[in-house]
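Enquirer: Below are the chains, spelled out letter by letter.
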Amino acid sequence: MECRIYTESLTALMDGELPGEEASAIRAHLLVCRSCDAEYRSLLFSYDLVGKTRMIDSQPAAWSLIESRIRTPQEKRGFLRTFLFPNIWVPVTALAGLIVITSFLFLFVPSENRSVAMRQILNKYAQERDREFETKGAFTRQGVGTVRVIHYNPFSDKDSKRKGNPFKAE
Amino acid sequence: MAKSFTAALVMMSFSLSWLMAQDDWEKTRSIAEAQHEIVMLLIKNKQYDKVLPASKKILTLNFPPSREYQLVDHARLASAALTEQQNYTLAHQLLDEALKSVHTNKSKATLYKEKALICSKNGQDGQAMKFLEEAVRLEENP
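Same order as they appear, the protein sequences are chains A and B.
The opening position of the first sequence corresponds to residue 1 in my numbering, with each subsequent residue numbered one higher.
The opening position of the second sequence corresponds to residue 1001 in my numbering, with each subsequent residue numbered one higher.
Among the hints, erroneous ones may be present.
[Stated by the list, open to error] Here are the simulated DSSO-like cross-link-like pairs (lysine-lysine), alpha carbons at most 30 Å apart as the crow flies:
id, chain 1, residue 1, chain 2, residue 2
1, B, 1056, B, 1044
2, A, 124, B, 1027
3, B, 1121, B, 1108
4, B, 1121, B, 1044
5, B, 1100, B, 1057
6, A, 136, B, 1057
7, B, 1106, B, 1121
8, B, 1056, A, 136
9, B, 1121, A, 136
10, B, 1044, B, 1106
11, B, 1108, B, 1050
12, A, 124, A, 136
13, B, 1100, B, 1121
14, B, 1046, A, 136
15, B, 1106, B, 1130
16, B, 1106, A, 52
17, B, 1056, B, 1046
18, B, 1003, A, 136
19, B, 1027, B, 1050
20, A, 124, B, 1108
21, B, 1130, B, 1056
22, A, 136, B, 1106
23, B, 1106, B, 1027
24, A, 124, B, 1121
25, B, 1108, B, 1057
26, B, 1050, A, 52
27, B, 1046, B, 1003
28, A, 124, B, 1130
29, B, 1106, B, 1057
30, B, 1056, B, 1100
31, B, 1100, A, 124
32, B, 1050, A, 136
33, A, 124, B, 1106
34, B, 1100, A, 136
35, B, 1108, B, 1044
[As the list claims (entries may be wrong)] Under 8 Å between C-beta atoms, here's a sample of chain B residues computed to sit facing chain A:
id, residue
36, 1027
37, 1053
38, 1070
39, 1074
40, 1077
Since the hints were derived computationally from the structure, they do not count as laboratory data.
Nothing here was measured: the structure is a model prediction, and the numbers come from that model.
Beta carbons: idealized from backbone N, C-alpha and C, even for Gly.
Between the sequences and the hints, there should be enough to build the whole structure, so can you do that?
Expert: Below you can see the structure in the form of structure tokens.
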């Protein structure tokens, strides 16, 4: 309780507004009370900071400009306009978002038609591949796109001449 | 007499180098042939950890561009066999290695189509579409 009384008078003490007796009493208290002393030092620091700030000389015209801006009433928007376009950035953002989502769906999520077309192309490719391997070597077909190769080696040399039997007697 | 002798020498040196190149190619081809059989056997026996190193031995053999289709065929056959065994990841890895080894856009396009086919079989339609688009792009710029 005593401390609260002293801390309330600290600013008055710093401004030199307290009578001598009261000021001496507070100073004596500050010597024995750590928390009040800390408060006093903190206030001193703040005063010091404020004292260091530089005052800006504002031009008289600036004040009249600010005053006129404050006094000028805001433009009233019609009900329909406020309802339809509450803020220009809201529809703009919504439109941009819609474009991004649509393009994402279009680019990355294949539609049913695109999937069907793709499967057709890949099936055609698989059939061509099967046919190609069929002409090159022997394999069994197990449905479209499935190849089980038995004796087809892409590196085998079919044109090489058969070598004679090295063990044949001369 | 001297001119015809020189001409004969030049022709002989050319044919010798051609013969040497043929011999080199025969060696490379023979290695690839054996290695391909190994790869297919490894896949058949489900020794998947050895498939990629064995395939790399073929892919790093420095095939001439005129013979690149053989590398592509090797990759397609091996990846088809892997896909049959539902080892899609290894099939993709093998095709990726093959893609690093081939140089013509035609070969790359074929390999990308193979990748698209694997994705399609695996139910990855979005990815399949990407690979197919890449294949089409490469085919358009041969």
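Enquirer: Which numbered hints turn out to be false for this structure?
Expert: Hints 2, 16, 18, 26, 27, 36, 37 contradicted; others consistent.
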